[in-house]
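With the sequences and hints as input, model every part of the structure.
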Amino acid sequence: MAMTVDRVAPVAHLPLVLGVLRKLEMATLIDSMIPSHPDQVVSAGWAVEALVLSILDGHHALYKVGRRLDERGMLPLLQPGLAPESLHDSRLGQTLDALYDANLDTVFSAIALRALDIYRIRSPWLHQDTTTISFYGAYDDDEGDHKGPHPTYGYSKDGRGDLKQVMPEG
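Every letter in the sequence shown is one number past the one before it in the working numbering, and letter 87, counting from 1, is 82.
Just so you know, these hints were derived from the structure itself, not from any lab. Just so you know, even glycine gets a beta-carbon here, dropped at the ideal spot from N, CA and C. Please note: incorrect hints may appear among the correct ones.
Said to hold, decoys possible - Computed beta-carbon distance windows for the label pairs:
hint: 1; residue 1: Ala7; residue 2: Thr147; range: 55 to 63 Å
hint: 2; residue 1: Asp84; residue 2: Glu20; range: 24 to 32 Å
hint: 3; residue 1: Phe103; residue 2: Pro71; range: 46 to 54 Å
Put into structure tokens, the structure is as follows:
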């Protein structure tokens, strides 16, 4: 049986990385946080996949992403029929701006939680923000109402024991 090879491209680790991104459904998750624009061929989620692949391939210049992934034979795997010109620097820049507007911490947290769930990774840590928030002004000292934060005096990391702050109950 004869076989014809149209093109040979060194893909290295990129299909493996794309497989992980797809298992995490990262593009779908990002697209649910960033509204699509009707004039764009590539969704924000697919643009992020392209950026991740490009960065992990050692290329960070936005204007080279489409061409470089095309050289690696990755465009058909990203999106069937995708042309290198669809991953232009303006589209990728718009995606980065949209990620920032969507709050990078929120996006990253959603992806990280998805990874913990899909790969069934048990985490022994729970993050607790210990930032001191100080309050100025008068507050009711109703000890019986525990429905919300209760400003009170206590230890302050910034050395301002004269200001009220929200203290954990315990």
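These are the hints, each one checked on the structure:
1. Ala7 x Thr147: 55 to 63 Å: holds, 58 Å
2. Asp84 x Glu20: 24 to 32 Å: Holds - the Cβ-Cβ distance for Asp84 and Glu20, about 26 Å, lies within 24 to 32 Å.
3. Phe103 x Pro71: 46 to 54 Å: violated, 28 Å
When held up to the earlier numbered hints, the structure conflicts with hint 3 and nothing else.
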